[in-house]
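If you read the sequences in order, they're chains A, B, C, D and E.
Per the working numbering, the very first residue in the first sequence carries number 12; after that it's consecutive.
Per the working numbering, the very first residue in the second sequence carries number 300; after that it's consecutive.
Per the working numbering, the very first residue in the third sequence carries number 69; after that it's consecutive.
Per the working numbering, the very first residue in the fourth sequence carries number 24; after that it's consecutive.
Per the working numbering, the very first residue in the fifth sequence carries number 69; after that it's consecutive.
Mixed in with the good hints, there may be bad ones.
Said to hold, decoys possible - Calculated cross-link-like contacts (lysine to aspartate or glutamate; reagent style DMTMM-like; alpha-carbon spacing at most 20 Å): (1) E:K213 <-> E:D157; (2) A:K209 <-> A:D176; (3) E:K117 <-> C:E134; (4) C:K434 <-> C:E377; (5) A:K118 <-> C:E240; (6) E:K117 <-> C:E278; (7) A:K100 <-> A:D119; (8) A:K209 <-> E:D188; (9) E:K213 <-> E:D188; (10) A:K84 <-> A:D56; (11) A:K84 <-> A:D119; (12) B:K376 <-> E:D157; (13) E:K117 <-> C:E240; (14) A:K209 <-> E:D157; (15) C:K275 <-> C:D395; (16) C:K382 <-> C:E438; (17) B:K619 <-> B:D487; (18) E:K163 <-> B:D372; (19) C:K397 <-> C:D347; (20) A:K84 <-> A:E99; (21) E:K163 <-> E:D194; (22) C:K302 <-> B:E671; (23) B:K619 <-> C:E132; (24) C:K382 <-> C:E132; (25) E:K222 <-> B:D487; (26) E:K163 <-> E:D220; (27) E:K163 <-> B:E371; (28) E:K117 <-> C:D289; (29) B:K619 <-> B:E688; (30) B:K406 <-> B:D487; (31) C:K302 <-> B:E371; (32) A:K71 <-> A:D52; (33) A:K71 <-> A:D57; (34) A:K84 <-> A:E44; (35) B:K619 <-> C:E134; (36) E:K117 <-> C:D244.
Note that these hints are calculated values from the structure, not bench results.
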Amino acid sequence: MSEDKGAFGVQGTGDTSGFSGLVRAAHSAGSSERPYGSYFDDLADDLERAYPEFNDAIEKVVVDRGELTLFVKAAKLFDVATILRNNEKLRFEYGLGVNGVHYPDQKDRELHAVYELLSLTHNRRIRLEVAVPESHPHLPSLVEVWGGMNWHERETYDMFGIIFDGHPALTRILMPDDWQGHPQRKDYPLGGIAVEYKGATTPAPSERRSYR
Amino acid sequence: MSIGQLIGMDPGWISAIKGLIAFVICVLLTLFAIWAERRIVARMQMRVGPNRVGKFGLLQSLADGVKLALKEDIIPKAADRIVFVIAPIISATTCFMSFAVMPMTGKVSLFGHTTALQLTDLPVGVLYVLAIASVGVYGIVLAGWSSGSTYPLLGGLRSSAQVISYEVAMGLSLVAVFMYAGSMSTADIVAAQGHGWYAVILFPSFVIYMISMVGETNRAPFDLAEAEGELVGGFHTEYSSLKFALFFLAEYVNIMGVSALATTLFLGGYHAIPGLGFTESWLGGWFTLVWFLGKVLAFFFIFIWLRGTLPRMRYDQFMKFGWKVLIPTSLVWIMVGSTFHLLKMRNASRITIMGFGIGVFLLIMAGLTMSEWSSKRRAENATDIELPEPSFPVPSITRSEYING
Amino acid sequence: MSTYADPYASSRETTEGRVYSVTGGDWDALATEIGATKEERVVVNMGPQHPSTHGVLRLILELEGETVTEARCGIGYLHTGIEKNTEYRTWTQGVTFVTRMDYLAPIFNEVAYCLGVEKLLGITNDIPERASVIRVLMMELNRISSHMVALGTGALELGALSPMIFAFRERELVLDLFEMISGLRMNMAYVRPGGVAQDIPAGGVAKIRETVAQLRTNFKDNEKLLIGNTIWMKRTQHIGYLDLAGCTTLGITGPVLRSAGLAWDLRKTQPYCGYENYDFDVVTANSCDVYGRFLVRMGELEQSLRIIEQACDKLDRLEGQPVMVADKKIAWPSQLSVGADGMGNSLNHIREIMGESMEALIHHFKLVTEGFRVPAGQVYTAVESPRGETGVHLVSDGGTRPYRVHFREPSFNNLQATAAMSEGGMVADIIAAVASIDPVMGGVDR
Amino acid sequence: MHNLFSAALTIGATKTPEAVQFWILAPLAVLAAVGMLLVKKAVHSALLLAWIMISLAIFYIAQDALFLGIVQVVVYTGAVMMLFLFILMLVGVDSSDSLIENIKGQRGASITAALGLAGLLTSLIGRAVVGHEAYGLTVSNANGNVQGIAQELFTQYVWAFEVVSALLITAALGAMVLAHTPKSSPSQRFLSTARFRGDSLAATAGLAASGVYARHNAVDVPALLPDGSAAEESISATLEARGDMIVSTPFEMKPAIEEEN
Amino acid sequence: MGLEESLPSGFALTTVEGLAGYMRKSSLWPATFGLACCAIEMMAAGAGKHDLARFGMEVFRASPRQADLMIVAGRVSNKMAPVLRQIYDQMPGPKWVLAMGACASSGGMFNNYAVVQGVDHVVPVDIYLPGCPPRPEMLIDAILKLHQQISDTKLGANREDIIREVEAAALAAKPTHQLKGLLA
């Protein structure tokens, strides 16, 4: 991956101001073993019972800091989400949203989508995490499971370029439509963008000032 | 000699001077009114309000006017140029015209000439005011249409519908006054109120007029044409500079106009309030102008009060109110009022009149009760919308105490 | 469209002397549209600069007469890239960024973020009780100031001028308290990982009590102005209907959800900062409309005052206790409440830090410039903000800066209800419906 | 004809100010009448019509027919105002008149109607002027203009008056009945409830907004899908049906970033 | 612009200048252009405690056509920049821009892809107001300073003279890159 640059194009210094390269290794948590503790065991059992393909769909289960994360395979995401929502014992009525995380050094698993779910009936939370390769960032859309995922998926597409298949209109939501790139990926610079209005452009600070 | 005849005898130059005086009064009143509104609303909101320009900020509206006049004049490209220019002129000219028939004083001496401060007295003076008002709407509609933009168009349509509907209610509310005064001339109507203000005698008419005058002038809570929250500025969204100032002026002169009409028709015009009649004889005819202006400003204060207190009505509620409440009420009131009048003219006995009054009262009460019943029945019968259950689980409501419902 | 011309190309053509021609927007489109006989519908663009769009929300409405047949929301006009910015700053500095997201509820953003960082650090149980109480106190004060803006601007958008000014009067009282406690009126960055930046100044609690009493009487003014006012009732009752099913699938939380009858409040259901130790009620309405939301907010104001009073009692009890975690690897060495200026910048204090040892100096320098390290992992923490569930998803790679900070903003989510709440209603109802969602665009767009 | 003209002259002995007014207003009114037929925009036409009505009102007033003049303004300008609304709502804001006749026999009908009207006017004026001794407004205004009209209307012509008013009310009611289509537009509450009871939840959060570009952000440009194609859904169906969309080809994305890596 | 541009220079113009300046500063209507946090403080400045109305400034105009002053209150995103410029263009002259807060003045702490690094990239700014967000008192202070600036504005021929002078001075000045001193 390309080295990250700061707003003013500072390179190769021991700068702690935050503008220099941010090449960092991200962690990947190991799989947790049973018993998970808290309500997580019950929840996992219920899901396994309700979803026969559990072992096939779930890559790993992580229990960390009192939170349960299920790593789901992209192809099975929709099924898992539907079961989580519908099953009497699970009842995750609320899909609180999806969020992208970019791990450029995880080969073929660069883009992670993280779903936070909430069950009002049982007062429980769960997190689903799905990894997709940057070269083929496709995930099934969950708008049919939780209508409110609509904008969250659009935001995640806008910021990370994850494409949610089946979304009714997966267009940019926060950035203008003629924007280049997905700004919250790790390989996208923090700043240095020209302003354009009415066809007139004002160059970005990094190009105007003699910071180079 | 009646005031009307007195005015009829004015030579031309006196009329010209009177016209000038009326115009100056209008303009000064407007400048003062805008300042007063801003100060009073500020006071209602625990603020200070404009106090920098002139003493107490009195010249604030003058500064606004001059500033607006000095601004760049923009005609949007999509606008219909001619109409765009004509519209504010129509608004600003018609608003002054209704003052021609407003009796502002009793008998006064002007340059040695005994007359009254009323430009002319038409036998159909009040109708004339209505006619002028209906021409005045053109300013708003044309402004909305010619701006070539969505918000002004919607604002213009709203306000024309609004003014037309409320003019009907307003006209109907005046019918009772015509019947009791036996004339449509403003001077005669003032004279006919010697025995009592029509605001008291014809109280329902007065209320209806008060409501429809707020609707007619597009003021809060009926300021739908320029509903800032929805239509930005309504019909004058695209107007800038002097043209906008003209609309601004027209709005306030119109308020003064309807207030003056209300004063004339319902509050005894330029006459002193009951009990203070001696002021007229002691202080002379010119003092009656003070009474007149005082009453007009009292109405204006109500306008400000409404604006400081109430939220805006919704368009359909407002129209419904006009057509389904105000107009039928005025129709019923006209019938009742005219019957009373007839009974009185025929010298019917007190018992007959009382009996009729009680009968009408009972009928109205019965009608209201019936309608309340039926609406209650309708509300009970209105079953909840029958739709399938949602395809997804919904958390159940466990709590049953609510703060409403 | 054939008549289309670049709206900017000839925008300032001079024609006759001082008269300029400027294009008026989408008029071409509109004109052809009304001309078309197929349907008498108009597409109206509201915003992003429009008096009733709570800042820079854009609404694209399709109208049939005055009825809204279709409503679309355009957002992103205030996108600030805060989430990305935090990745370039230390964990502590992150507070200054997140506080500016939902600028009406800065304390909630800070608390949610700090709870997340503390969870990552594993020090959730080490936070001093006094710090938690101050957090609760600040959050509830903030809830009042935020609800005041919601009610005031909501009323203003429905055409009532005075309630807005009255609401801002109350808000000023609360902001004065904020200023006294944190030094700032807005965007305080007062809550820090490990506790709060500084203790409440001497005499502060008494001042808070005084203000609470005044607020209690002041709230009645607003109630008198609006509750029972026929026009206000007609403009809000049965408007912007959204039932529980809609709230559920759209993920709607906060007063909008509570107006649909469900008493879901994270302060009760998943308590944090010791909310379980306070006595308060969750206010609900079952009318699912704008009026219900209005009443819920009014009720919550009262409950907030109750919590503040209890917090004040607790503060009296905890007088003199620390407000920052004891771990010197996280807490800044400078005691911000020390010194003549109260900010820990007194000469003696600096001399103490500087003069004690080289180690101390280096530690101070490292902690302030580089920040502390946070063990790798990810957490999600949520607090009940005035608008609903403000959730923070934090990812750490074990470094001194966040790897990823994501805010699950309630405004962003709740705004999705705009279409459901407005389609089928009138234009004026949209304004009421959006005002009842109370979106803050800073939070929506981040 | 000459007879008629001289008769008209003798009836109202035209005083000087009135003559001045006449010779200023009359040509303007005629010009406006001609212009009304010639201008392209329907609104302009209506505006000129209003001007004619007001000019007529001024003529009436100058002729001492005060009540008639005022009523002319109230009734006709009000009517023209209605016309305005109809034009704006039905014909369209910006449309010019079509020059193609699509009603069969329109010309014939209009010529017949015009001839009929001319005949009617001639006979009426002739009847008023030729057979009778005109006594002018001064006489009929003896008890006041308004009172005079009331006297006539409610005594001699009361039958005609009532018939006409009944006719007008019937016409108004008829128009309302014909134009009123019982619209069963569902309430917001119904729509909002039904929205979450359908088969698909995909659109419950509302449709996507139109595209926003540095150089264009009107409602007629579609937003872009991930593959760079236009999202049809992001434009109002009304605009789409009329082809009022701007094709978004100029805004197409450069090859997406993912391909660079 | 208005009538005053056609006046000849001299005494008459100076009088008009004074008068026009006074009227303009006394009636400076702001456009409602709230973006972010600063907008709330702007509203607070209009509310009871601070009351901008004293200066005749409570007339927040929703339509840019009737506004004199654009208070850019908050961060301007790249997406908002064209809209901002369009609104500025819709305002009739003479018009003023107040960049309220650090973000509008310079991008503030948001030195990133999304935020325009100072609204002066898009529209000319007459007065910058620091603060994040500035207190209402600061806003009032900035507005009073702007009032001073407005009432001192020259018109017509006098204005052209000043523009000429300023340009000549700028041409005569040493370019930045030739400046030597502590910074170089």
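Quick rundown of the hints versus the structure:
1. E:K213 <-> E:D157: violated (24 Å)
2. A:K209 <-> A:D176: Given pair A:K209, A:D176 is violated - Cα atoms ~34 Å apart, limit 20 Å.
3. E:K117 <-> C:E134: Since the Cα atoms of E:K117 and C:E134 sit roughly 38 Å apart, the hinted pair is violated (cutoff 20 Å).
4. C:K434 <-> C:E377: Cα-Cα ~40 Å, so violated.
5. A:K118 <-> C:E240: Distance of about 53 Å is beyond 20 Å: violated.
6. E:K117 <-> C:E278: Since the Cα atoms of E:K117 and C:E278 sit roughly 19 Å apart, the hinted pair holds (cutoff 20 Å).
7. A:K100 <-> A:D119: violated (35 Å)
8. A:K209 <-> E:D188: holds (15 Å)
9. E:K213 <-> E:D188: holds (19 Å)
10. A:K84 <-> A:D56: holds (19 Å)
11. A:K84 <-> A:D119: Status holds; Cα separation ~13 Å.
12. B:K376 <-> E:D157: At roughly 13 Å apart (the allowed maximum being 20 Å), E:D157 and B:K376 satisfy the hint.
13. E:K117 <-> C:E240: holds (8 Å)
14. A:K209 <-> E:D157: holds (11 Å)
15. C:K275 <-> C:D395: violated (31 Å)
16. C:K382 <-> C:E438: violated (35 Å)
17. B:K619 <-> B:D487: Violated, because 35 Å separates the two Cα atoms, which is more than 20 Å.
18. E:K163 <-> B:D372: holds (13 Å)
19. C:K397 <-> C:D347: violated (35 Å)
20. A:K84 <-> A:E99: violated (23 Å)
21. E:K163 <-> E:D194: The given pair, whose Cα atoms are some 9 Å apart, holds under the 20 Å limit.
22. C:K302 <-> B:E671: Roughly 17 Å between the alpha carbons, so the hint for C:K302 and B:E671 holds.
23. B:K619 <-> C:E132: holds (18 Å)
24. C:K382 <-> C:E132: violated (57 Å)
25. E:K222 <-> B:D487: Between E:K222 and B:D487 the Cα gap is close to 57 Å, so the pair fails against 20 Å, i.e. violated.
26. E:K163 <-> E:D220: holds (15 Å)
27. E:K163 <-> B:E371: It holds: about 9 Å lies between the C-alpha atoms, which stays within 20 Å.
28. E:K117 <-> C:D289: Given pair E:K117, C:D289 holds - Cα atoms ~17 Å apart, limit 20 Å.
29. B:K619 <-> B:E688: violated (35 Å)
30. B:K406 <-> B:D487: Distance of about 14 Å is within 20 Å: holds.
31. C:K302 <-> B:E371: violated (41 Å)
32. A:K71 <-> A:D52: At roughly 14 Å apart (the allowed maximum being 20 Å), A:D52 and A:K71 satisfy the hint.
33. A:K71 <-> A:D57: holds (16 Å)
34. A:K84 <-> A:E44: Status holds; Cα separation ~19 Å.
35. B:K619 <-> C:E134: Distance of about 14 Å is within 20 Å: holds.
36. E:K117 <-> C:D244: holds (12 Å)
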